[in-house]
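> Produce the entire structure from the sequences given, and follow the hints as far as they go.
Quick note: the sequence shown uses this note's numbering, first residue 26, plus one each step.
Among the clues, some could well be false.
Unchecked claim - Taking CB as the label site, the calculated pair distances span:
no., residue 1, residue 2, range
1, PRO333, HIS176, 29 to 37 Å
2, ARG72, PHE37, 30 to 38 Å
3, GLY280, LYS236, 20 to 28 Å
4, LYS193, ARG159, 21 to 29 Å
5, LYS193, SER291, 20 to 28 Å
It should be emphasised that the hints constitute simulated quantities derived from the structure, not laboratory data. What you are looking at is a predicted structure, and each value in this text was computed from that prediction instead of being measured. Every residue, glycine too, gets a C-beta built ideally from N, C-alpha and C.
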Amino acid sequence: MASKETARLFDFIRRFIANGNAILYVSHRLDEIMALSHRISVLRDGRLVAEFATQNASKDEMVRHMAGRDVASLQKHDAKKIDGKVMLAVNGLTRPGEFENISFELHKGEILGIAGLIGAGRTELGKCLFGVTRAKAGTIDIEGRRVSIRHPADAIAAGLVYLPEERKQEGIFPLLSITENMTVSVFDKFRGLLGLRFSDMVSAVSDNVQKLQIKIGRPSDPITSLSGGNQQKVIIGRWLLRDSRILILDEPTRGIDVNAKFEIQSLLKSLADSGLSIIYISSELQELIDIADRILVMHEGRYMGTAPAENATQEGLLAMAMA
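Structure (structure tokens):
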């Protein structure tokens with residue numbers, strides 16, 4: 026929601042309350058809760074875990090109750106020293122009107138954050154790397170081999186995959202089950218004489234559900250029965266089944282609660298530690314500082330610089346992003 030629309034909504038809520046009415050306001054945006062409420066109730070996994078007056082509350086306390094962990098455990102990880110092999114080398118990548126002359130390297134086991142304001146070209150770069158759109162100029166090397174990515178199938182075959190920002194519209198198949206959503210990229214592995222071997226599919230999915238700590242009912246349940254965070258884990262699991270080596274995530278924690286956000290970030294750090302290379306696109310600067318090893322900054326389609334995450338600040342990144 027735009028800032029003007031948000032302000033109008035808040036004004037309406039305050040007038041509505043001033044006239045003697047009551048409002049139940051549900052949100053995972055803690056600043057809004059602090060600004061509007063008189064009392065706060067915190068739910069976690071369907072249970073009421075805390076209640077307190079807003080005047081006595083703090084965001085750290087709310088996060089602790091929402092996540093079931095101390096706030097300190099949610100803070101920035103220690104960035105790795107990057108000395109692994111180069112998994113992805115991009116040189117001079119250009120798509121007129123979206124971005125130009127973008128060059129960078131992504132190493133094995135590294136999480137590379139990409140920051141920038143609206144219109145910076147972050148999403149456009151991710152989609153171009155995945156072959157949704159085509160570059161006009163520039164080269165892409167994966168594990169030292171020059172590749173031509175003209176279609177997502179080319180990227181997938183090369184071990185590079187993309188999780189889109191619009192998860193519900195572009196990431197999941199809402200009419201399919203959890204099992205089908207996770208295995209859709211590897212259906213060929215489960216073909217039998219009489220069709221798909223569903224029991225083998227369920228077995229593969231169950232292994233990933235346990236590995237990724239996905240909260241589900243039954244593997245045959247529809248994907249829409251899951252929360253946003255668990256849907257995101259299913260999509261990650263989809264590409265792990267293909268043994269993908271490079272993962273591009275675009276706003277992977279948008280629209281999910283604090284606890285799910287922490288779980289996704291912890292999962293991605295663990296996957297990076299096991300050797301997966303990750304590009305993490307986000308508009309939240311603190312989120313990039315918390316999870317990335319290095320942060321690449323863009324402004325209006327241009328590369329502005331790369332900063333080690335361990336020394337980065339929101340103010341410094343914002344200054345780069347505003348050119």
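> Give a verdict on every hint.
Outcome of the hint check:
| no. | hint | in the structure |
| --- | --- | --- |
| 1 | PRO333 to HIS176: 29 to 37 Å | holds (35 Å) |
| 2 | ARG72 to PHE37: 30 to 38 Å | holds (31 Å) |
| 3 | GLY280 to LYS236: 20 to 28 Å | holds (24 Å) |
| 4 | LYS193 to ARG159: 21 to 29 Å | holds (26 Å) |
| 5 | LYS193 to SER291: 20 to 28 Å | holds (23 Å) |
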